[in-house]
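Each protein sequence line maps, in turn, to chains B, P and D. So the first sequence is numbered by the working numbering: it starts at 1 and just counts up by one. So the second sequence is numbered by the working numbering: it starts at 1 and just counts up by one. So the third sequence is numbered by the working numbering: it starts at 1 and just counts up by one.
Don't read these hints as lab results, they were simulated from the structure. Glycine included, C-beta positions come from ideal geometry on N, C-alpha and C. Be aware that a few hints might be false.
Unchecked claim - Here are the in silico distance ranges between beta carbons for each label pair: (1) B:Asn48 / P:Glu129: 15 to 25 angstroms; (2) B:Val406 / P:Asp213: 36 to 46 angstroms; (3) D:Asp301 / B:Trp311: 48 to 58 angstroms; (4) D:Asp100 / P:Asp213: 47 to 57 angstroms; (5) P:Glu129 / B:Gly313: 46 to 56 angstroms; (6) P:Glu129 / D:Asp123: 28 to 38 angstroms.
Single-letter residue listing:
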Amino acid sequence: MSGPAASIHEEALVRPLSGFRPKLFFGSLVTGLLVAVLFYSWGYQIVNDIGVAGINRPVFWGFYIVNFVFWIGISHAGTLISAILRVTQAEWRRPVTRCAEAITTFALMIGGLFPLIHLGRPWIFWYMIPLPNERGIWPNFRSPLMWDVLAITTYLMGSILYLLLPMIPDFAIIRDKRLREYPKGLKTLFFRVAALGWRGTPQQWFSLEAGIKAMAVVIIPVAVSVHTIVSWDFAMAIQPMWHSTIFGPYFVVGAIYSGVAVLMVAMYLLRKGLGIHEYLSDKVFNNLGLMFLAFAMLWSYFTFAEHLTVWYGNEHAERAVFDGRITGEFSGFFWTMIIVNTVIPLLILPWPKGRKPLGTAIVGLGVLVGMWIERYLIVVGTLSTPRLEYTQGFYTPSWVEIGILVGSVGLFGFLYFAFLQLAPIVSLWEVREGEHLTHRAFAAEQALRAGREGASHG
Amino acid sequence: MTRWGMAIDTDRCTGCGACAVACHAENNIQTVGEVEAARGRAMHWMRIERYYEGVFPDVKVRFQPVLCQQCGHAPCEPVCPVYATYRTPEGLNAMVYARCIGTRYCANNCPYTTRYFNWFAPEFDAPLERQLNPSVSVRPAGVMEKCTFCVQRIQDAQEVAAQEEREVRDGEIKTACSQSCPAQAITFGDLDDPESLVALLARTERTTHLLEDLSTEPSVIYLRGGR
Amino acid sequence: MRRRDFVKATSVAAGATLLEGCGSPEEQFIVQRVRQTPELPGESGWRFSVCRQCAAGCGIVVRVVDGDAKKIEGNQAHPVNKGGVCALGHSLLQELYNPDRILQAQRSSGNRGSGAFEAVAWDDAIAQVVSAIGAVPADRIAIVASDRSGLTGALWRRFAAALGAPAPAFLEAPELEVERRAAQLALGTTDLPYFDIANADCVLSIGAPILDPGRSQVHFTRAFADMRRARPTRRGRFIQAEARMSLTAANADVWLPVRPGTEGVLARAIAGHILASGSVPADAARRYRVLFPGDAPSTADAATQCDVPEERIVAVAEELRTAERGLVIGGGSAAAHSNGLANVAAALGLNVLLGNLGRVGGVFAPASLGLTRTVEPSNPADSPIAELAARLRGESGEPVELLIVADADPVHALPAGWGIREAIGRVQTVIVLSSFRDDTALQANLILPLATELERFEAYESPTSAGVAALGLAEAVVEPMGDGQHPADILLAVARALPESVASRFTWASYEALVRARVGEDLARMPGSAGATASAYLSAAIDRGGIFGDAAAMSAPSGPTGAAPELPGALSEGGPEYAFGLLPFASVKNGDGRGANRPWLQEHPDPLSTVMWGSWVELSPADAAELGIHDGDRVRVESQTGSVETHAVIDPAVRPGVVSMPLGHGYADNGRYAQGRGANVMALVGAGRVDGTTASAWAATRVRITRVGEGTMVRFGRRYEGGEPELIPVGWAPQQTSQLVQIRGARV
Ligand SMILES: Nc1nc2c(c(=O)[nH]1)N[C@H]1C(S)=C(S)[C@@H](COP(=O)(O)OP(=O)(O)OC[C@H]3O[C@@H](n4cnc5c(=O)[nH]c(N)nc54)[C@H](O)[C@@H]3O)O[C@H]1N2
Ligand SMILES: Nc1nc2c(c(=O)[nH]1)N[C@H]1C(S)=C(S)[C@@H](COP(=O)(O)OP(=O)(O)OC[C@H]3O[C@@H](n4cnc5c(=O)[nH]c(N)nc54)[C@H](O)[C@@H]3O)O[C@H]1N2
Ligand code: SF4
Ligand code: SF4
Ligand code: SF4
Ligand code: SF4
Ligand code: SF4
C-alpha cells in the first residue's frame, strides 16, 4: 500500500487514465485543431514577417502582449491559490489543488510563448539569455523585460516542481494498479518512470512533505513577484496611465482574480464532465466563491482608485487616455469590463445561492472576458494615445493575431485534456490523507467516548 | 566633450517637408506603400507635425518638425533588453540593428513616438536600389530604427578632421535634413562648445524643448515662433 | 586625380576643341557625357548639377559613388536656392532610377492610346520624326514645349521658324501669363519682377502661393525665413490674402480668407486707404493713377465684397503703410479668375504707392544673361496654349496633323474644358519627348525618352526669382541609364537630318556646343568675365555650378505703363446647383504631377491634410456637416465639365463655400506608383479664360459634392475629428530652457 487507504469514489478519478474515453478524445481533437491554427498562424508570421500582425505605429504592442499578461494572470490560479490554502491548512483545498496547479503550469507555458510570438526576430530571442560570448555583451538587466524573463522562468520551474512533487505518490498508486491490470502497457511504463521509485517509506513521506511545504512557502512570493514584474513592464515606462505606482498590487490582484475565475470555470467543467461531485463539492465552490468575491471587491477597489487619481490629477496626456476609456473610442470595452468584473460578480457572489457551481462558473466566464479587456485597455488604450497628439493611431488585429489568440485557448485545452489522461485530476493521496485524518479523528473520538462511558458505568 | 545637438527654428520652418525627404534619401528609409501606410506604418524619421489652433477665420496652423530628440535621459534606452539601443559618449541615442530582436519596447517608451519599426523587409523596385547610400545599412524586417543624427556624416567629418589633424569645425557637419532645409531652420552642432551656433541658439529667449516636463533632456531645441 | 583637376582638364580640352573648331564643322565635338574620374572603388564624390524638376532651376550637388547617384544637396553658391533643396528636387533620384522609366524609344504598337508600345532603335526613331515632319505641310505642325524662358525654348522657336510652322506653345503654370502681363502694366517689367522679400518688414501677398511648390519654393522659403529671422532687430511680418489655407497662408502671421475672385477689391481698397492717409508722395500717387485712374472702393465696400471684417482690412492697410519696408506681391489663384489680370495689377500697383520700385525690400526688374538673343528668331512670338488647343479641336487656325510635345504633359495639365484629351486622338501623328507614359505620352505614336539632368550636360537659366541672373551649368554626373537625351539634343539631331534649309540653321553639334558657343560670343557681357578667356571662364563656371550675376546690377522697374482693366466681378462656371468654388493647388506631395511616379513623394504627407498615396478634396467642417460627409469618406466632385471621385478631408481651416483639390493625381499610367491613384482635378476645370489674356481661369470652376460612401484614406498624422481645434502640442511650454539641460556659457 502506497499511502492511506483508497476512497470509495476514486474510480471516477482514475477512469480517464486508461482506455478510450470519447469525451476526452473528442476534446483533444477539437483543441488539437485549434493548436494547429496557433502554429499555422505563428509559422505564417515567422515566414512572412511580423508585419502580418495588425500592430503598427504607435500601437507597437497589441494582442500578443495582451494575451501574455492575460495568461500569466491566469497562471495565478493554481500555484498561488493552492499554496496559500496549503500554508493556511484549509482542509477543503484537497480536491482543488491539482487541477489548479495544472492550470498554472499550462497557462505559464502559453503566457511565456507570447513574448516570443511578439518578437520581430524571434529566432534570436536568445540574445536575452545571459550566455557567455566572446564579445562580452550581456543582456540589459535594467530592462523590465529581462526581469520578466527571470521571474517567469523561475515561476515556471517552481510551478512544475510544485505540480510534480505531490503527483509522485499518485503515480505510484496508478503504477501499482496498472501493474496488476496491464503490466506490459506503454502507459504503465510511463507511470513506472513517473513514480520515481516511490515506495511510500516513512523517509520518502517525510522528504515529500518537507519539499511540498517548502515549495508552498517559496512559491507565494515568486508568484506575487511575477505579476508585479509584468505590471512593471508598463509601470516602468513613462506612458500615460502606465506610469502608476499601484500597478504592482493591482496586477497581482487582477491576476489572482482571473486565476480564480478560470478555476471556477474549470472546476465546473470537470465536475460535469468527470462526474466527480463528491470531490468538487458545493462546499468547495462556496468557499472558493467567497475568495472570488473578495477579489472582485479588491479588483474593483483598485480600478476605482486608479481611475480616480488619474481623473483628479487631470494631467493632459493621462486625461486623453482616461477619456478614451470613459467616453471615447474604448468606452464600449471599458463599460463591458466594469459590468462583467464588478457589477455581475457583486450581484451574484454575495448570496450563498450565487456561489453554487453554475453561478460561480458564469461569473468566472465573465471575469475572464473582463480581465482580457482590462489588459487590452491598458496596452492599446495608452499606446493609441501618445503624448504628441499628431501621432495618435488606431489598432485592428489581423487574422494572424486572432488565430493565435484562439489557438492559445486551444493549446490550453489540449494540454489540459492530455493531463487528464496522465494524472488523476484530484490528488488521490491527499484526499485519502484527508479522509484518513477524518477517520482517525472519528475513531479517536469514538474511543474516547467509549472510555468515558465505560468509566461512568464502572 | 562633444554633445551633438540641433536647434529648429519654428519661425523659419514653413513645413515644406524637404527635410523629411532628404532624410529618406540619406538614410535608406523604406517607403512602405499605400496599404502599409494606411495601417500606420509609414516611416519618417523626420516628420512635420501640423497643429491647428482656433476656429475659422481666426485659425492658425503650426508646423513642428519632429525627429528623435536624442534625449540625454532617453526613456527608450533602459528598457531595451539586449542593449540594441544605447547612448554614445557623444550624446547620440544609437541603434545597433544587428542586436535588435524587435520587442518594440523602446518605441513604446519614446514619449515623442519617433521610433519606426520594420514590419516587413524593405523592398526597392529595381533599379531604385542603386540610389541607396552605401554609408548606411538597410535594416531588415523585425528591427527598430530612428533618426541617428546622420551619424555617418558626423563620422565622415571626424575622419577628415582627424586626417587633417584638427578639430571638427562648427558648421562643418550638416545633417541631411539641415542641409536641405530651404529655410535654414535646422542648425546642427556641438552643444558643449559654447562658441557653436547651436549652443548660441540654445541660449536665446526663444529656446524651448518638446515635452520638457518629462526630464528627458532632449538634444533638440525648438526656437519658438512669433515675435 | 581630384575632381577640380579633372574639370580643368576636360574644360581645357573642350575649349581647345572650340577654338580649333572655328570655321570648321563642329561635328568633331562629341557630346561630353560623363567625366571618367579614375576613382577607387567605393570612393564617393560630389558633382555639381542643375535641378530641372521645376522651372526654378536650383543649383545642386550630387553624391556619386561607384558611378551611381546617391544623394542630392543644394549648391550654396547658386543664388536661387543658396544650398536648399525641396522635396521634389530630392526625388529626382527616383526619376533617374525609376523602375518604370522609358529608356528606349517606343513606337505605338496597337491602337494609339491603348498603352501598347514596342521599342525602336534610336536612329530609327529620329528618322521617323524626320519623315513625319516631311510628310505634313509645315503649317499643320504644332509644337508644345516646356522651358519657355531658356535656351531650349529659344531653340524650339528657331526650329518652328525654320520649318515655317506656327510658333511653339509653352506649357507653364497658367497664372504666370497673367502675372507677367500684370507686372508689365503695373511695374513696366518685361518679365516677372524680383521681389526682395528677405529685406522687407511687412509683406502682403495677394494670392501668391510663394511658399508652395511650383514657382521657386526653395528661393522664396529662404527669403521668407530670412525676412523673419535673419536680421537681429527686425522680424518681418507676412500677410496672406487668399481664399485657401495654402502652405503659404499657413505660415503667414495674418491670413485674410477673402472670397475667391475679390482679391483685387481688397488691394484697391487698401490703395484707397493709403492714398487717403496723405502719406503718399505726389509723384507716386500720380504714377499710380496711370494704372488705376478711377476711384478706389471704400474699405467698407471691400469688407462686404471680400467677406472680411473692415477693421482687419484697415489694420492690414495701416501696417503696410507704416512699415518701413512694406511689400506687396500677387498672383496664384488671384490671377486665375476671369478678373485675374485686374486682381494682380491691383496688388502689384500697391508697390508704386509704397515707393518700392528699386528699393531694398522692394521690387526690381528681372535680370537675364540674354543668351537666347541670337538663337531666337528676330521677332519671337509664342503661340498661346489656348490657341493651340483651339487648333487641336479644329476650331481655329490650321488643323494639326503632327503634334510634337517636348517634356510636357498637356493632356494631364490642361483643363478638361479645353478638350485636349479628345482632340489629341484625332491628330495623325503625335511625337512625345518623355521618360514616362504620362497622359500625353500614352497618346503618342512615338515616344523619345529624355535623359534626366543628371545624365546630360545641362545649362538652365533660372527665371528671375533670384534678382540676379543665374545660369546653372553642369556636365553629366552619371552615365545615362538608356538612350534618352536632352530635349535640345534631340531637337538638334532631328534638325540636322532635315533638309538643308533647316539643317543649315542648326550647326551646333550639341546643346553643350551651343551653350559654350553662346557664352563665348557674349563673353564680354558675362558677369565677372573681365580678362578671362572663354574656356577658362566656362571651366570656372562649371566648377562652381554656373554663371551667377552680381547683385550690384539690380535695377528698378520703370513703373506703370498703362491702365489696368477695372475690376469686374469674377465670373464662375456653373449655376447655383454647383455650391462650391473649386481651388486646385500644387501640394509638395506630387507637385504639378511630376512627383507622382516617385515613392518618396507619394508617401510624403501633404503638410496640411497629411494625406499620402492619393488625392483628396478639402471641405470645411460646416459644409461637410451639411452634406453628411465624414472625414475620409469617398465623395463625388462634379462640375459642368466633368466629375471625379476622391476622398474628403475635413479641415478646420477651409473657408466655407470653397473646396480645393491637389494637382498631379489620377494618371492612367505614368508608372506603378502613379497609376490609377487619386483623381485629376483638371478633369473638373472648365474652358474659362482670364480676361485680357489667353490663360486658363482655373479658379473659376464651381462644383457640387455628394457622398459616395465610406472610404479609407491614407493619413500620416491625426485627423481633425470635429469640434474646436485646440491642438497646441503638449510641451510648448512658455518657460525657458529648463535647468536640466546644462549649456555652457551665458544666455544671450
Ligand atoms: N561582405 C563583407 N564580408 C565581410 C566584411 C565586410 O566588410 N563585408 N568584413 C569582414 C570582417 S573585417 C569581419 S570582423 C567579419 C565580421 O563578421 P561577423 O562576425 O559575422 O559580423 P556581423 O555580421 O557584424 O555580426 C555577426 C552576428 O552577430 C549577431 N550578434 C549581435 N549581438 C550578438 C550577441 O550578443 N550575441 C551573439 N551571439 N550574436 C550577436 C548579429 O546579429 C550578427 O548576426 O566579416 C568579414 N566579412
Ligand atoms: N556600423 C558598423 N561599423 C563597423 C563594423 C560593423 O559591423 N558595423 N565592423 C567593424 C569592423 S569588425 C571592422 S574590421 C572595421 C573595418 O573598417 P575599415 O578598416 O574602415 O574598413 P573598410 O571600410 O573595409 O576599408 C578601409 C579603406 O581601405 C581602402 N583600401 C582597400 N585596399 C587598400 C590598400 O591596399 N591600401 C590602402 N591604403 N587602402 C586600401 C578601402 O578603399 C577603404 O577606403 O569596421 C568596424 N566598424
Ligand atoms: S525643410 Fe526646413 S522649412 Fe521645410 S519642413 Fe523641414 S525644417 Fe521646415
Ligand atoms: S526621442 Fe525617443 S527615441 Fe529618441 S532618444 Fe528620446 S526616447 Fe529615445
Ligand atoms: S525593439 Fe530592438 S531596440 Fe527596441 S527595445 Fe526591442 S530589441 Fe531593443
Ligand atoms: S538628423 Fe539625419 S537621420 Fe535625423 S532626421 Fe535629420 S536627416 Fe534624418
Ligand atoms: S524648387 Fe524646383 S528646381 Fe529647386 S530644388 Fe525644388 S524642384 Fe528643383
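A quick look at each hint next to the structure:
1. A beta carbon spacing of about 21 angstroms between asparagine 48 of chain B and glutamate 129 of chain P agrees with the range 15 to 25 angstroms that was offered as a hint.
2. As the Cβ distance of valine 406 of chain B to aspartate 213 of chain P is approximately 43 angstroms, the hint placing it in 36 to 46 angstroms holds.
3. Checking the proposed 48 to 58 angstroms range against aspartate 301 of chain D and tryptophan 311 of chain B shows it holds: the Cβ atoms sit about 54 angstroms from each other.
4. Between aspartate 100 of chain D and aspartate 213 of chain P the Cβ separation comes to about 49 angstroms, which falls inside the hinted range of 47 to 57 angstroms.
5. Roughly 51 angstroms separates the CB atoms of glutamate 129 of chain P and glycine 313 of chain B, a value that falls within the hinted 46 to 56 angstroms.
6. Separation of glutamate 129 of chain P from aspartate 123 of chain D is about 32 angstroms and conforms to the stated range, judged on CB atoms against 28 to 38 angstroms.
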